[in-house]
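Place chain E on chain L using the hints.
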Amino acid sequence: MFFIITLKEGLMESLLEQYAHVVGNEVIDHLRQLANPLKGMKILHINSTKEGGGVAEILNRLIPLKIELGINADWEIITGEKDFYQCTKKMHNSLQGDRDDISPSLLSAYERTNLQNFERLKKKLEEADIVFIHDPQPAPLLNFCKERKGKWVWRCHIDVSHPYRPVWKYLREYIKDYDASIWSISDFAQPLSHPLYLIPPSIDPLSDKNIELPKKEISDFLDSWGINSDSPVVTQVSRFDRFKDPIGVIQSYRLIKNYVPIQLVLAGGGASDDPEGKQVLQEVKTFAGNDPDIHILELPPDAHRAINALQRGSDIIIQKSLKEGFGLTVTEGLWKGKPVIGGDTGGIKLQVIDHYTGFRVSTPEGAAIRVRYLLKHPGTMKRMGKNAHQFVLDNYLITRHLREYLTLVVSLTFGSKESIELKLPAH
Amino acid sequence: MVNQAFNIMDCALIAIATGEKAQNLRELRDQLKYIHPGCLYYHFWGGLLNPHFDDPEFQNDFAMWASRYLHDSKISEQLSIIDPNVFKDIEDLRREVIEIIEERLYTSDHVPWVKTGQEFHFIRSQIVIFDTGVSQRDPKDFLKIIPNMSLGSIYYHFIDSRRRTPGNKNDFSVWLAGFGDKYQGLIEGLDNIDPSFTTLNELRQEINFVFHNYFKRRSDGKSA
Numbered sequence: 001m002f003f004i005i006t007l008k009e010g011l012m013e014s015l016l017e018q019y020a021h022v023v024g025n026e027v028i029d030h031l032r033q034l035a036n037p038l039k040g041m042k043i044l045h046i047n048s049t050k051e052g053g054g055v056a057e058i059l060n061r062l063i064p065l066k067i068e069l070g071i072n073a074d075w076e077i078i079t080g081e082k083d084f085y086q087c088t089k090k091m092h093n094s095l096q097g098d099r100d101d102i103s104p105s106l107l108s109a110y111e112r113t114n115l116q117n118f119e120r121l122k123k124k125l126e127e128a129d130i131v132f133i134h135d136p137q138p139a140p141l142l143n144f145c146k147e148r149k150g151k152w153v154w155r156c157h158i159d160v161s162h163p164y165r166p167v168w169k170y171l172r173e174y175i176k177d178y179d180a181s182i183w184s185i186s187d188f189a190q191p192l193s194h195p196l197y198l199i200p201p202s203i204d205p206l207s208d209k210n211i212e213l214p215k216k217e218i219s220d221f222l223d224s225w226g227i228n229s230d231s232p233v234v235t236q237v238s239r240f241d242r243f244k245d246p247i248g249v250i251q252s253y254r255l256i257k258n259y260v261p262i263q264l265v266l267a268g269g270g271a272s273d274d275p276e277g278k279q280v281l282q283e284v285k286t287f288a289g290n291d292p293d294i295h296i297l298e299l300p301p302d303a304h305r306a307i308n309a310l311q312r313g314s315d316i317i318i319q320k321s322l323k324e325g326f327g328l329t330v331t332e333g334l335w336k337g338k339p340v341i342g343g344d345t346g347g348i349k350l351q352v353i354d355h356y357t358g359f360r361v362s363t364p365e366g367a368a369i370r371v372r373y374l375l376k377h378p379g380t381m382k383r384m385g386k387n388a389h390q391f392v393l394d395n396y397l398i399t400r401h402l403r404e405y406l407t408l409v410v411s412l413t414f415g416s417k418e419s420i421e422l423k424l425p426a427h
Numbered sequence: 001m002v003n004q005a006f007n008i009m010d011c012a013l014i015a016i017a018t019g020e021k022a023q024n025l026r027e028l029r030d031q032l033k034y035i036h037p038g039c040l041y042y043h044f045w046g047g048l049l050n051p052h053f054d055d056p057e058f059q060n061d062f063a064m065w066a067s068r069y070l071h072d073s074k075i076s077e078q079l080s081i082i083d084p085n086v087f088k089d090i091e092d093l094r095r096e097v098i099e100i101i102e103e104r105l106y107t108s109d110h111v112p113w114v115k116t117g118q119e120f121h122f123i124r125s126q127i128v129i130f131d132t133g134v135s136q137r138d139p140k141d142f143l144k145i146i147p148n149m150s151l152g153s154i155y156y157h158f159i160d161s162r163r164r165t166p167g168n169k170n171d172f173s174v175w176l177a178g179f180g181d182k183y184q185g186l187i188e189g190l191d192n193i194d195p196s197f198t199t200l201n202e203l204r205q206e207i208n209f210v211f212h213n214y215f216k217r218r219s220d221g222k223s224a
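Sequence order for the protein chains is L and E.
Position 322, counted from 1, in the first sequence is what my numbering calls 322; the numbers after and before it change by one each time, with no gaps.
Position 69, counted from 1, in the second sequence is what my numbering calls 69; the numbers after and before it change by one each time, with no gaps.
Hints were generated in silico from the structure; no laboratory data involved.
From a predicted model like this one, the values you see are computed outputs, not experimental measurements.
Among these hints, one or two may not hold up.
Listed below are the simulated EDC-like cross-link pairs for lysine to aspartate or glutamate, each with C-alpha atoms no more than 20 Å apart in a straight line [to be verified]:
| # | chain 1 | residue 1 | chain 2 | residue 2 |
| --- | --- | --- | --- | --- |
| 1 | E | K216 | E | E206 |
| 2 | L | K417 | E | D131 |
| 3 | L | K349 | E | E206 |
| 4 | L | K423 | E | D131 |
| 5 | E | K144 | L | E26 |
| 6 | L | K39 | E | D131 |
| 7 | L | K176 | E | E20 |
| 8 | E | K115 | L | D344 |
| 9 | L | K417 | E | E91 |
| 10 | L | K349 | E | E99 |
| 11 | E | K33 | E | D61 |
| 12 | L | K349 | E | D61 |
| 13 | E | K115 | L | D354 |
Pulled from the structure, derived: some chain L residues nowhere near chain E, Cβ distances all over 10 Å [claimed, not checked]:
| # | residue |
| --- | --- |
| 14 | D74 |
| 15 | D101 |
| 16 | Y164 |
| 17 | L192 |
| 18 | S207 |
| 19 | D208 |
| 20 | F221 |
| 21 | N228 |
| 22 | Q251 |
| 23 | R254 |
| 24 | K257 |
| 25 | I294 |
| 26 | R372 |
| 27 | L375 |
Backbone N, C-alpha and C define an ideal beta-carbon position, used for all residues, glycine too.
Just chain L, same shape as in the assembly (with noise of 0.2 Å):
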């Protein structure tokens, strides 16, 4: 299952060969010196979804990479009850900044899931070298882990910059233990007395959401929805989220609609974890009315090359969002010579270059303006995709990921200092 082999010219090819294609050889071999002191290595990584959502997907490609350099990476998720997901969505909520109270029903339905979740790996965890926890959902199984054998490390994938204090307070006292934290970018790191790693998030070139299309399949995708050529279409894809904001981006395409003839794609997944997606869904359909050249798009978690088809075949990419994380959605469209007018936040501050990937905005106002300003200057727009492109080669593709990942380890395992030098192996 981890290991993914294509047939290619008669040739049986591994992970990391077929990377080298994209990402050339010197890379590769970077990592696997990197990945040498580290070989045997129990690695752990901990969730809350194994579909839907950033983290999900990166997991999906991180770990069989890990196992391909010599690594015994492994990947578990917590599970828990409707109570559960309730919190820790409230929990994300309010870590990104809403001023919402945690009821104490919901945080003991919290603590007592993580607990019967950590009777489930009790095992694993004890026994692994670096334990990597992902967000807050599991973050108080270090606290239940008391035999713990190594490094635990806790992963904050979400915009914490501002975050609600009572919560974050609350959730400081699981962290606070932990070898060390990473962040995304600066904005977000919170001060905890361990290291504050940063590293920003990636995406797959190889997987099915980011390879490249056959035209055939990017326009019979588009025509199966209804999308058609007579007009530019411009797509936000992301959860259907409040903090996407997926009717700010409708007031856009009302605002450009005036002006230029557009159509409208707003195509969400559903996480998992995520209970309010169903009742934001209903209140953009609402919003939307009938207006046919908007296109509400319910796709399944695993609808990663329906999702790659409607970047491919979109003209400008948006992602209108008031918080996030990082945005990796901002990344596919980048990937994809498109580009990407986002909003001023998280992320998507380090992805969106003004003038030079896309726009960054403020408003719904913001966004139009630029649309239609793009829309009038083809030329502009393919200079912007091409440099997006260039961009996430050389920032934002999983190797990179996976050499800080590989460099955090080695830094835990062989010593704090400013400069670790490691021998070679005595033959």
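Chain E only, in chain L's frame:
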């Protein structure tokens, strides 16, 4: 003259947030007085190995912040011109940056601020260095090796070397000097490469060009 082999090393850098930030020029100066020396290293050199905007318009993160967010072109230009390689050590570099900022504060009518979300975040880094197991004795062999060198190796031997070697040199030049005067032309070519305003990719191409040019001239019988 026989020289010892050149061991090709590689490195990877990881960024660590300090949690310290500055919202105006005065806070930047105050933080700089006490901040971890690794932050100066990171904000002057580290960006080359980390995700960054493609066009290296500014030589260091302090100058970039002053321009993009403080909108103070004077201080940005003065900070940008600092060549970190000419300082004896990080503490000398720290003093220079502080002095430039103090001078600006002294001559300025007001202290420029940035809005929330645009603060300067102090970051330090850890560098992991490893031996690739590849070594070379003949400088000519670098013609084949440099195009395939990882960017980590380029960084280690051409940028990081400047804080490890006498005279803040690149490792190639230091090694070539071990042959006496034999490769003086090549050493001069390498020393003349300006590592500023560039990406590691471009730097690799420049180093490769210098090696190629030198050995081509030698094979053509011209003075190298």
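Take the C-alpha atoms of K349 (chain L) and E99 (chain E), compute the straight-line distance between them, and say whether it is at most 20 Å.
violated (31 Å)
Does the claim that I294 (chain L) lies off the interface hold, with its Cβ farther than 10 Å from every Cβ of chain E?
holds (31 Å)
Is the Cβ of Y164 (chain L) farther than 10 Å from every Cβ of chain E?
The assertion about Y164 (chain L) holds, with a minimum of 16 Å to chain E.
What's the verdict on K176 (chain L) and E20 (chain E), does the C-alpha distance respect the 20 Å limit or exceed it?
Judged against 20 Å, a Cα distance of about 18 Å means the pair holds.
Does D131 (chain E) sit within 20 Å of K417 (chain L), going by the straight-line distance between their CA atoms?
Distance of about 18 Å is within 20 Å: holds.
Against chain E, does L192 (chain L) hold up as non-interface, every C-beta pair farther apart than 10 Å?
violated (8 Å)
Least C-beta distance from Q251 (chain L) to chain E larger than 10 Å
Given a closest Cβ separation of 23 Å, the condition holds.
Minimum Cβ-Cβ distance from D208 (chain L) to chain E exceeds 10 Å
holds (25 Å)
Does D131 (chain E) lie within 20 Å of K39 (chain L) when you go C-alpha to C-alpha?
holds (16 Å)
Given the hint that K33 (chain E) pairs with D61 (chain E), test it: the Cα-Cα distance must not exceed 20 Å.
The given pair, whose Cα atoms are some 17 Å apart, holds under the 20 Å limit.
Going straight from one Cα to the other, do K417 (chain L) and E91 (chain E) come out at no more than 20 Å?
holds (19 Å)
Looking at D74 (chain L) again, its CB stays over 10 Å from all of chain E?
holds (23 Å)
In this structure, the earlier hints numbered 3, 10 and 17 are contradicted, and the remaining ones agree with it.
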